[in-house]
Amino acid sequence: MALAFDEYGRPFIILKEQDQKTRLRGIEAQKANISAGKAVARILRTSLGPKGMDKILQSPDGDVTITNDGATILEQMDVDNQIAKLMVELSRSQDYEIGDGTTGVVVMAGALLEQAERLLERGIHPIRIAEGYELASRIAVEHLEHISQKFDFGTEDIEPLVQTCMTTLSSKIVNRCKRHLAEISVKAVLSVADLERKDVNLDMIKVEGKVGGKLEDTELIYGITVDKDMSHPQMPKQIEDAKIAILTCPFEPPKPKTKHKVDIDTVEKFQTLRLQEQKYFDDMVQKCKDVGATLVICQWGFDDEANHLLMHRNLPAVRWVGGVELELIAIATGGRIVPRFQELTPEKLGRAGLVRERSFGTTKDKMLYIEHCANSRAVTIFIRGGNKMMIEETKRSIHDALCVARNLIRNNSIVYGGGSTEISCSIAVEAASDKYPGVEQYAIRAFADALDSIPMALAENSGLQPIETLSAVKSQQIKENNPHYGIDCNDVGTNDMRQQDVFETLIGKQQQILLATQVVKMILKIDDVISPSHY
Amino acid sequence: MAIERILKDDANEEKGERARMASFVGAIAITDLVKTTLGPKGMDKILQSTGRGQEVTVTNDGATILKSLHIDNPAAKVLIDISKVQDDEVGDGTTSVVVLAGELLREAEKLVAAKIHPMTIISGYRMAAECACNALLQRVVDNKDNAVKFKMDLMKIAMTTLSSKILSQDKVYFAQLAVDAVMRLKGSTNLEAIQIIKKPGGSLSDSFLDEGFILDKKIGLGQPKRIENAKILVANTAMDTDKVKIYGARVRVDSMSKVAEIEEAEKEKMREKVQKIIAHGINCFVNRQLIYNFPEELFADAGILAIEHADFDGIERLALVTGGEIASTFDNPESVKLGHCKLIEEIMIGEDKLIHFSGVEIGQACTIVLRGASHHVLDEAERSLHDALCVLSQTVNDTRVVLGAGWPEMVMTKAVDELARQTPGKKSHAIEAFSRALIAIPTIIADNAGLDSADLVAQLRAEHHKKECNAGIDVITGSVGDMAELAISESFKVKQAVLLSATEAAEMILRVDEIITCAPRKREDRM
Chain A
0 MALAFDEYGR
10 PFIILKEQDQ
20 KTRLRGIEAQ
30 KANISAGKAV
40 ARILRTSLGP
50 KGMDKILQSP
60 DGDVTITNDG
70 ATILEQMDVD
80 NQIAKLMVEL
90 SRSQDYEIGD
100 GTTGVVVMAG
110 ALLEQAERLL
120 ERGIHPIRIA
130 EGYELASRIA
140 VEHLEHISQK
150 FDFGTEDIEP
160 LVQTCMTTLS
170 SKIVNRCKRH
180 LAEISVKAVL
190 SVADLERKDV
200 NLDMIKVEGK
210 VGGKLEDTEL
220 IYGITVDKDM
230 SHPQMPKQIE
240 DAKIAILTCP
250 FEPPKPKTKH
260 KVDIDTVEKF
270 QTLRLQEQKY
280 FDDMVQKCKD
290 VGATLVICQW
300 GFDDEANHLL
310 MHRNLPAVRW
320 VGGVELELIA
330 IATGGRIVPR
340 FQELTPEKLG
350 RAGLVRERSF
360 GTTKDKMLYI
370 EHCANSRAVT
380 IFIRGGNKMM
390 IEETKRSIHD
400 ALCVARNLIR
410 NNSIVYGGGS
420 TEISCSIAVE
430 AASDKYPGVE
440 QYAIRAFADA
450 LDSIPMALAE
460 NSGLQPIETL
470 SAVKSQQIKE
480 NNPHYGIDCN
490 DVGTNDMRQQ
500 DVFETLIGKQ
510 QQILLATQVV
520 KMILKIDDVI
530 SPSHY
Chain B
0 MAIERILKDD
10 ANEEKGERAR
20 MASFVGAIAI
30 TDLVKTTLGP
40 KGMDKILQST
50 GRGQEVTVTN
60 DGATILKSLH
70 IDNPAAKVLI
80 DISKVQDDEV
90 GDGTTSVVVL
100 AGELLREAEK
110 LVAAKIHPMT
120 IISGYRMAAE
130 CACNALLQRV
140 VDNKDNAVKF
150 KMDLMKIAMT
160 TLSSKILSQD
170 KVYFAQLAVD
180 AVMRLKGSTN
190 LEAIQIIKKP
200 GGSLSDSFLD
210 EGFILDKKIG
220 LGQPKRIENA
230 KILVANTAMD
240 TDKVKIYGAR
250 VRVDSMSKVA
260 EIEEAEKEKM
270 REKVQKIIAH
280 GINCFVNRQL
290 IYNFPEELFA
300 DAGILAIEHA
310 DFDGIERLAL
320 VTGGEIASTF
330 DNPESVKLGH
340 CKLIEEIMIG
350 EDKLIHFSGV
360 EIGQACTIVL
370 RGASHHVLDE
380 AERSLHDALC
390 VLSQTVNDTR
400 VVLGAGWPEM
410 VMTKAVDELA
420 RQTPGKKSHA
430 IEAFSRALIA
440 IPTIIADNAG
450 LDSADLVAQL
460 RAEHHKKECN
470 AGIDVITGSV
480 GDMAELAISE
490 SFKVKQAVLL
500 SATEAAEMIL
510 RVDEIITCAP
520 RKREDRM
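First to last, the protein sequences are chains A and B. To convert, note that position 400 of the first sequence is 399 in numbering that gives the first Met the number 0; the numbers rise steadily by one, no gaps. To convert, note that position 452 of the second sequence is 451 in numbering that gives the first Met the number 0; the numbers rise steadily by one, no gaps.
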């Protein structure tokens with residue numbers, strides 16, 4: 000490779016180790032980038048929609064993941080190409096921001112790239128294409144706003160929310176009991192939501208899974224589960240009206256941080272030390288007892304002496320509880336995390352209506368349930384399923400559903416799914432394109448074509464004739480001026496997505512279009528790729 | 000520069016037909032591997048570990064076989080996983096679940112070849128599984144209220160489970176053993192309370208269930224070998240030098256005499272501790288940790304039986320059996336609950352001395368002593384017994400029972416066939432395929448027993464079209480027999496779990512259309 004030559008045709012050395020680098024430039028570079036982006040989109044295309052297929056991903060260590068969540072597939076795919084990495088980033092940012100539609104955004108970007116390639120071949124400058132896309136995306140987003148609907152829900156009327164979550168879940172393997180899971184997700188989100196500020200802290204929802212049982216056994220627990228058991232096998236397994244001391248200090252003799260030595264040189268000293276030590280344990284347990292705690296949850300371990308004293312004084316205790324769980328327990332029970340025994344006061348105790356230990360299966364698997372908490376804001380979704388991969392996939396699906404419910408609480412505008420919005424946007428963009436003079440017109444029209452590719456992929460995955468179906472739906476939309484017609488993936492018999500109750504969130508869709516356009520613009524603007532060559 | 004490689008160098012991508020083929024082949028290969036172990040006449044496998052010593056395991060427990068396989072095929076891994084979960088959750092049916100999932104996939108492969116979309120197959124399978132489960136539910140027997148009949152049910156289930164294992168020769172004996180043990184648990188599923196001690200020597204039929212508790216330990220020297228009306232203190236405390244736990248403490252002296260003094264003080268401390276323990280009024284002391292010679296001697300002087308180094312489970316079980324609490328401090332003897340038992344004595348099993356606690360108050364825990372010719376036999380016997388215990392303990396909680404030996408499969412097949420006839424559309428092919436996969440199980444059982452499976456299954460099918468039929472395959476006589484008369488039963492929960500997880504796994508594998516394998520992890524990254 001070379002950047003510049005002198006009059007004899009010898010290259011100037013400009014880059015460090017210039018000989019070992021490969022360089023692609025101009026249309027060549029753009030074409031390579033586009034084909035890489037398209038390749039990624041092609042992988043995800045078949046996972047789109049309720050009839051989308053799953054992928055098996057085998058990690059470098061041989062672990063198997065089965066999923067159809069776009070973000071997860073891309074993350075675990077071990078991608079090497081720079082442009083492909085951009086697409087991975089794209090899906091990840093959709094995941095962070097919205098949590099759903101991670102597959103759609105990549106497919107959309109892929110379609111935009113494909114259209115751009117055709118325009119490039121006709122000699123249109125990439126920047127003009129990018130500008131055209133930008134204009135078109137703005138039109139599409141505005142149009143979305145236009146066709147979106149507000150819908151009302153309250154804490155009693157959760158049906159609309161459940162319907163939306165069901166749309167999300169229907170493309171996952173868990174669609175067998177999507178109704179059940181959707182209800183769980185909505186209830187979970189509502190119980191932690193701050194409806195006045197319209198905000199939801201998803202950290203308050205803990206998603207736990209344990210293999211065994213069936214998917215239908217998945218439950219929502221108004222409280223916390225901890226994968227621990229009582230520190231002493233003979234402590235009571237069930238405590239009602241528990242007052243919980245949440246400690247981050249171990250039940251052990253103190254270990255001052257400054258370096259010190261306790262020298263023993265006489266028998267008396269030895270004996271006083273012994274007494275002192277016993278007193279330590281006694282004091283610690285007594286303090287907990289004095290403030291009225293009926294359950295001790297500790298981040299650290301216990302000495303066996305302390306353990307017995309606790310047991311002896313009828314004070315059940317749990318040890319080695321992780322920091323995150325400890326915080327959740329503190330939030331849920333309204334208690335304070337106490338770092339020192341001296342600071343223990345009755346007000347700092349958390350309260351829970353019921354704490355119980357439950358065992359599962361034939362192995363010694365125990366979980367601690369903390370329920371009916373004083374502040375029931377923190378909830379746990381406890382997933383059961385036939386095997387490990389199933390649980391993992393359910394976790395991901397529930398995450399998506401939770402995000403959707405949260406987005407709806409933030410902004411209760413919805414659009415209809417099943418590709419109907421894409422078709423409607425495509426019509427709007429197409430119509431608007433003619434108003435623009437100049438080359439951008441072509442780019443805008445190409446954008447409209449790219450929008451069509453999502454309903455097309457949906458139809459394809461559902462085993463329908465893609466072109467036929469799409470054109471039929473499109474003409475129906477224009478004829479009846481009704482943006483609610485989409486692809487009938489589930490063979491229900493109607494194209495009207497309002498009747499099928501297939502919703503998606505407005506911000507999710509808007510974000511998809513904006514993010515996809517941005518990434519495509521970025522890729523189009525690259526005209527020189529310099530990379531170290533493989534050796 | 001047509002299509003750029005987007006994955007890393009060694010990463011692999013398989014799509015569409017090829018991916019599907021890879022998963023089918025993997026799953027079916029695993030099924031064929033464990034297929035021959037199914038049923039009362041199933042064969043065993045030898046597993047040789049690659050580790051040091053190349054240990055050999057002989058087993059016909061599906062979960063154990065699959066656990067020790069090193070598999071690279073992702074679909075096969077899914078099957079291994081469901082078998083593991085089945086083992087954890089219900090304990091038995093680990094082979095059946097894999098075989099059923101494999102058969103479902105085998106049928107699905109044919110349908111895919113006939114150009115039916117996997118999603119259609121899945122929805123058909125789902126309908127069929129639900130229908131099959133309901134059909135089974137209608138025919139379950141629940142003897143929850145009738146204790147005698149329920150015990151008979153348990154006995155039948157235990158015998159059915161054991162009949163496919165190494166213990167089949169003495170199945171009546173072991174079934175009785177397992178039922179007795181589980182009945183003592185009184186509804187708890189904590190199998191930890193049942194201790195299984197394996198001692199080589201003797202024959203399998205020399206195994207026995209002990210009402211009390213046997214601890215695999217020796218009694219300290221010079222201490223009584225037999226105690227009647229024992230009061231037992233179960234403890235977890237240091238009985239060696241009782242370290243000072245305050246951080247940074249150390250002894251620093253300037254003369255030899257001081258050393259002696261400190262040493263004396265230490266001894267005094269231990270003596271005091273022992274005195275405190277003795278003050279509980281006990282005559283048996285069991286500690287989880289070591290007991291040094293000095294305190295042991297003191298205990299011996301006081302006529303107390305001291306047992307050291309009982310493992311943690313042993314301690315928990317002992318506390319459970321004798322009703323005492325596990326103590327670590329000994330300052331207030333009046334409030335520590337002591338354990339009681341009628342008699343402690345040393346017994347001999349084979350050549351080993353064990354301590355036997357009998358006449359205990361609450362009989363939740365118990366001990367099963369297994370005897371057998373070799374370690375392999377004992378290990379396999381333990382696994383078989385474990386399966387039986389698991390199934391029984393689950394049955395105590397979910398008391399529904401169905402008949403065995405291919406009967407449930409035939410009942411389900413009948414219902415699923417009916418459904419297939421009523422369902423319009425392509426799904427009916429999938430439903431039909433489901434019923435074929437179900438029939439495969441009795442077929443394999445018959446094949447493994449060396450019977451004419453085609454003939455038997457056809458007969459069975461005909462029988463089942465009569466009303467309220469109890470027909471199943473009688474492997475012993477090689478004919479169709481009445482399962483209610485032959486007393487072959489299975490737990491409904493096991494059957495249900497097999498059906499549901501197999502369908503779930505098959506569904507999962509069917510949904511896949513692409514396999515992306517990452518480059519195997521290397522020590523050095525090449526980039």
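Possibly wrong hints are sitting among the right ones.
[To be verified] No more than 20 angstroms apart at the CA atoms, straight line, and that leaves these computed lysine to aspartate or glutamate pairs for DMTMM-like:
#, chain 1, residue 1, chain 2, residue 2
1, B, Lys268, A, Asp281
2, B, Lys352, B, Glu227
3, B, Lys66, A, Glu370
4, A, Lys278, B, Glu271
5, A, Lys186, A, Glu342
6, A, Lys260, B, Asp253
7, B, Lys266, A, Glu276
8, A, Lys268, B, Glu263
9, A, Lys286, A, Glu342
10, B, Lys266, A, Asp264
11, A, Lys387, B, Asp253
12, B, Lys268, A, Glu215
13, A, Lys186, A, Asp228
14, A, Lys394, A, Asp264
15, A, Lys213, B, Asp397
16, B, Lys83, A, Glu391
To be clear, the hints were calculated from the coordinates, so they are not data collected in a lab. Since the model is a prediction, treat every value here as computed from it, not as a measurement.
Against the structure, the hints:
1. B:Lys268 - A:Asp281: This hinted pair holds, its Cα atoms lying about 18 angstroms apart.
2. B:Lys352 - B:Glu227: Holds. B:Lys352 to B:Glu227 sits at ~19 angstroms (cutoff 20 angstroms).
3. B:Lys66 - A:Glu370: 37 angstroms, violated
4. A:Lys278 - B:Glu271: OK: A:Lys278 and B:Glu271 at ~17 angstroms, within 20 angstroms.
5. A:Lys186 - A:Glu342: Outside the cut-off at roughly 37 angstroms; violated.
6. A:Lys260 - B:Asp253: Roughly 16 angstroms separates the two Cα atoms, so the pair holds.
7. B:Lys266 - A:Glu276: 18 angstroms, holds
8. A:Lys268 - B:Glu263: 14 angstroms, holds
9. A:Lys286 - A:Glu342: 10 angstroms, holds
10. B:Lys266 - A:Asp264: Roughly 16 angstroms separates the two Cα atoms, so the pair holds.
11. A:Lys387 - B:Asp253: At roughly 64 angstroms apart (the allowed maximum being 20 angstroms), B:Asp253 and A:Lys387 break the hint.
12. B:Lys268 - A:Glu215: At roughly 59 angstroms apart (the allowed maximum being 20 angstroms), A:Glu215 and B:Lys268 break the hint.
13. A:Lys186 - A:Asp228: 28 angstroms, violated
14. A:Lys394 - A:Asp264: 61 angstroms, violated
15. A:Lys213 - B:Asp397: The hint holds at about 15 angstroms.
16. B:Lys83 - A:Glu391: 16 angstroms, holds
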